[in-house]
Amino acid sequence: MDVIESGIGELFQPPDPDGFREWVHTKKNTQMKDKVMAEHEAVSQFVQDGDYIGTELYGTVRAPMSLIREVVRQGKKHLRVAGQGIHEIDLLLAADLVDALDITYVAWEVYGISACPRRAVECGLVKTTDWSNGGITWRFKAAAMGVPFIPVRSMLGTDTLKYSAAKVVKDPFTDKPVCLIPALFMDVGLIHVHKADKCGNCRIEGISGFAHEMARASKKLIISTEEIVSTEEIRKYPEQTVIPYYLVDAVVKAKYGSHPGEMCYRYWRDGEHLQQFLKDSKDPAKTMTYLDKWVYGCKDHQQYINLVGMERLKKLESEIGGR
Amino acid sequence: MPDCNQTEFLICLASKLIEDRTTAFVGTGIPMLAAALAKRLHAPNLVSIFEFGGTGASLEKLPLGVGDSRTFHKAVAASGICDMMETAQRGFIEYGFLGGAQIDSYGNLNTTVIGQYWPPKVRLPGSGGANDVGSHCWKTIIIMRQHDTRRFVPKVDFITTPGYLTGPGAREKAGLPPNTGPYRVVTNLALMDFEPETRRMRLIATHPGVTKEQVIENTGFELPVADEVKTNPTPTDEELKILREKIDPERYYISK
Numbered sequence: 001m002d003v004i005e006s007g008i009g010e011l012f013q014p015p016d017p018d019g020f021r022e023w024v025h026t027k028k029n030t031q032m033k034d035k036v037m038a039e040h041e042a043v044s045q046f047v048q049d050g051d052y053i054g055t056e057l058y059g060t061v062r063a064p065m066s067l068i069r070e071v072v073r074q075g076k077k078h079l080r081v082a083g084q085g086i087h088e089i090d091l092l093l094a095a096d097l098v099d100a101l102d103i104t105y106v107a108w109e110v111y112g113i114s115a116c117p118r119r120a121v122e123c124g125l126v127k128t129t130d131w132s133n134g135g136i137t138w139r140f141k142a143a144a145m146g147v148p149f150i151p152v153r154s155m156l157g158t159d160t161l162k163y164s165a166a167k168v169v170k171d172p173f174t175d176k177p178v179c180l181i182p183a184l185f186m187d188v189g190l191i192h193v194h195k196a197d198k199c200g201n202c203r204i205e206g207i208s209g210f211a212h213e214m215a216r217a218s219k220k221l222i223i224s225t226e227e228i229v230s231t232e233e234i235r236k237y238p239e240q241t242v243i244p245y246y247l248v249d250a251v252v253k254a255k256y257g258s259h260p261g262e263m264c265y266r267y268w269r270d271g272e273h274l275q276q277f278l279k280d281s282k283d284p285a286k287t288m289t290y291l292d293k294w295v296y297g298c299k300d301h302q303q304y305i306n307l308v309g310m311e312r313l314k315k316l317e318s319e320i321g322g323r
Numbered sequence: 324m325p326d327c328n329q330t331e332f333l334i335c336l337a338s339k340l341i342e343d344r345t346t347a348f349v350g351t352g353i354p355m356l357a358a359a360l361a362k363r364l365h366a367p368n369l370v371s372i373f374e375f376g377g378t379g380a381s382l383e384k385l386p387l388g389v390g391d392s393r394t395f396h397k398a399v400a401a402s403g404i405c406d407m408m409e410t411a412q413r414g415f416i417e418y419g420f421l422g423g424a425q426i427d428s429y430g431n432l433n434t435t436v437i438g439q440y441w442p443p444k445v446r447l448p449g450s451g452g453a454n455d456v457g458s459h460c461w462k463t464i465i466i467m468r469q470h471d472t473r474r475f476v477p478k479v480d481f482i483t484t485p486g487y488l489t490g491p492g493a494r495e496k497a498g499l500p501p502n503t504g505p506y507r508v509v510t511n512l513a514l515m516d517f518e519p520e521t522r523r524m525r526l527i528a529t530h531p532g533v534t535k536e537q538v539i540e541n542t543g544f545e546l547p548v549a550d551e552v553k554t555n556p557t558p559t560d561e562e563l564k565i566l567r568e569k570i571d572p573e574r575y576y577i578s579k
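Order-wise, the sequence lines are chains A and B.
Here this note's numbering is used: the first residue of the first sequence is 1, the next is one more, and so on.
Here this note's numbering is used: the first residue of the second sequence is 324, the next is one more, and so on.
Among the hints, erroneous ones may be present.
If you anchor each label on the Cβ, the simulated ranges turn out as follows [to be verified]:
#: 1; chain 1: B; residue 1: E383; chain 2: A; residue 2: M310; range: 26 to 34 Å
#: 2; chain 1: A; residue 1: T289; chain 2: B; residue 2: K535; range: 34 to 42 Å
#: 3; chain 1: A; residue 1: D171; chain 2: B; residue 2: D550; range: 17 to 25 Å
#: 4; chain 1: B; residue 1: R473; chain 2: A; residue 2: D96; range: 42 to 50 Å
Pairs of lysine-lysine residues, derived as BS3-like cross-links and limited to a Cα-Cα distance of at most 27 Å, are as follows [as the list claims (entries may be wrong)]:
#: 5; chain 1: A; residue 1: K315; chain 2: B; residue 2: K462
#: 6; chain 1: B; residue 1: K462; chain 2: A; residue 2: K314
#: 7; chain 1: B; residue 1: K444; chain 2: A; residue 2: K127
#: 8; chain 1: A; residue 1: K77; chain 2: A; residue 2: K28
#: 9; chain 1: A; residue 1: K33; chain 2: A; residue 2: K162
#: 10; chain 1: A; residue 1: K162; chain 2: A; residue 2: K253
#: 11; chain 1: A; residue 1: K162; chain 2: B; residue 2: K569
#: 12; chain 1: B; residue 1: K553; chain 2: A; residue 2: K176
#: 13; chain 1: A; residue 1: K282; chain 2: B; residue 2: K444
#: 14; chain 1: A; residue 1: K162; chain 2: B; residue 2: K384
#: 15; chain 1: A; residue 1: K162; chain 2: A; residue 2: K198
#: 16; chain 1: A; residue 1: K253; chain 2: A; residue 2: K236
#: 17; chain 1: B; residue 1: K462; chain 2: A; residue 2: K286
#: 18; chain 1: B; residue 1: K553; chain 2: B; residue 2: K339
Just so you know, the hints here were simulated from the structure itself, not pulled from any lab data.
Where is the CB? At the ideal position from N, CA and C, for every residue including glycine.
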């Protein structure tokens, strides 16, 4: 295949399908064991300085916020991050833990743009390579498939392609240009779900975002869950399992784990909290005060929940609405 | 101007561009309101597609993000982002809605950086799903809330999302699906389309009280004018009532 164009962006995690196969073969197994542990243990055991990590879904929606707060508390450094992110990426950036971002979208939708990624990127502290949302998710999909790349028809003809690490080739079947997206095999995936059993069989309600792909593209996978259910319950409705246990390394119980984001059918987003952070993020000192109060100031997720207060959480539960 | 603000005018006009019994890939912000309004009025069978998996939601409550639970409330399906992007790539989605910080005469959009790429003068949110939407949807409707020469520029600093790139045939040459691309540009002043022969943006209608000259003055590139320039319809009382009372009662968007 003739390469017509090569993106000039840095490939922060080059695809290594054989290395990933070897990892899957030697580190993942069929043993149905209890993987429930405290977030402190899960993060210290499975996240290392320099790791390439990703979170799913995104900052205000079913995001593994309690796990991210723990990553920040433990100060895991020199992370490379897949950024389809809002609040979770902001916390990592505010704590200066990120060296490189595969960036797709970093803003707060209805609330506007946060100052954290702007500060980090504009002063050159964090390196970036840009992708489209489809592009980065297809990178997870390629990794989940165990192949080095997949062809897509996004990004063609644009600077998004030029500054990515994708390539354009002449498709040998149609003779037309097609974009090859490199697989993104991650060191660690962090995913928050509605229900899991103690072995890590997971259920997600509502949209599944990119949980299916990310779970299968991660060497190490930490699950946080609103609720732990029995394996018998899982076996009764196996079609509802989005992530089977053999992909999972740790299960952390975290009711309200997506706060201040929402969790469909359980609790609505905490708009007040989110907007306050967004305001604080404009000032580096205030951003640190936020971290001191909500992250470093809490020993664990339970303390964070106590700080938020049950009254507030019950209100968010009443606001989410039914099916 | 009628008794409504520019954002409300913009939403009502964008909403009218959506036909019934079609599909629309709906992004954050004004597209959500336009789609919700269309669904309540002239397009009850509109199938809204949200990038993280919501298909055919009721849109009774305004989503605040493209993945929040309102994007799949009473929907026909709640899947994931690959499914949505692949549905667009297969050619099923008629309309895409996009905005941007900068736009050029071919409808190329910048939502990535102002200035050089890295480190940039200003880092913008990035593509998100915009590049995918602009690559795959048949007709892209572009919404620009401020029509001025800072945003309508001869050359965008960064092409995040493809318009017609460098002109006729350029999309196909780059490998993008044929017969796709920008369809309309809706702004606080006017409505534009793209000349079929040149693929350049063209003025086709102005808002009441806005002159052709005003639009041309506020455009940073040469803007051809259609033979007949119409006046865009003023929002009806019914549209405004639904918009204010049902769709965005908290005024997340329409107060801006």
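To see whether the hints hold, each was checked on the structure:
| no. | hint | verdict |
| --- | --- | --- |
| 1 | B:E383 - A:M310: 26 to 34 Å | 29 Å, holds |
| 2 | A:T289 - B:K535: 34 to 42 Å | 53 Å, violated |
| 3 | A:D171 - B:D550: 17 to 25 Å | 41 Å, violated |
| 4 | B:R473 - A:D96: 42 to 50 Å | 33 Å, violated |
| 5 | A:K315 - B:K462 | 42 Å, violated |
| 6 | B:K462 - A:K314 | 44 Å, violated |
| 7 | B:K444 - A:K127 | 14 Å, holds |
| 8 | A:K77 - A:K28 | 26 Å, holds |
| 9 | A:K33 - A:K162 | 46 Å, violated |
| 10 | A:K162 - A:K253 | 42 Å, violated |
| 11 | A:K162 - B:K569 | 43 Å, violated |
| 12 | B:K553 - A:K176 | 40 Å, violated |
| 13 | A:K282 - B:K444 | 17 Å, holds |
| 14 | A:K162 - B:K384 | 39 Å, violated |
| 15 | A:K162 - A:K198 | 45 Å, violated |
| 16 | A:K253 - A:K236 | 22 Å, holds |
| 17 | B:K462 - A:K286 | 44 Å, violated |
| 18 | B:K553 - B:K339 | 15 Å, holds |
Of the numbered hints given earlier, the model fails hints 2, 3, 4, 5, 6, 9, 10, 11, 12, 14, 15 and 17; all others are met.
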